[in-house]
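Asker: For the sequence shown, counting from 1, position 56 maps to 56 in my numbering; every step adds exactly one.
A hint or two may mislead.
Stated by the list, open to error - Quick list of simulated restraints, FRET-style, between CB atoms:
| no. | residue 1 | residue 2 | range |
| --- | --- | --- | --- |
| 1 | Asp56 | Leu26 | 33 to 39 angstroms |
| 2 | Ser69 | Lys12 | 26 to 32 angstroms |
| 3 | Arg3 | Asp56 | 27 to 33 angstroms |
| 4 | Lys4 | Glu35 | 17 to 23 angstroms |
| 5 | Asn2 | Val38 | 16 to 22 angstroms |
| 6 | Glu35 | Asn13 | 31 to 37 angstroms |
These are calculated hints, taken from the structure and not from any lab test.
Even for Gly, the Cβ is constructed at its ideal location relative to N, Cα and C.
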Amino acid sequence: MNRKSILTYHFKNGSSIATTIETDSLGIYRHKHTENIVRAEFNYFDESYRQIFVADLSEILYITSEPVS
């Protein structure tokens, strides 16, 4: 089983940000009326993969998570 995945935030302006996470740690929370993403939680696979960024979640078009072999 893969323990590592690439998590990518895809923004409405066409840009994206990716980081490496533990595969089973991803939780995405949506507003119950609007379905907009309000929070994404995950564990980094390794501290060396940690990236700090600030993003306006209303600007996220979608999020993908792809297993890494």
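Asker: Taking each numbered hint in turn, which are not upheld by the structure, reported in ascending numerical order?
Answerer: 1, 4, 5 and 6
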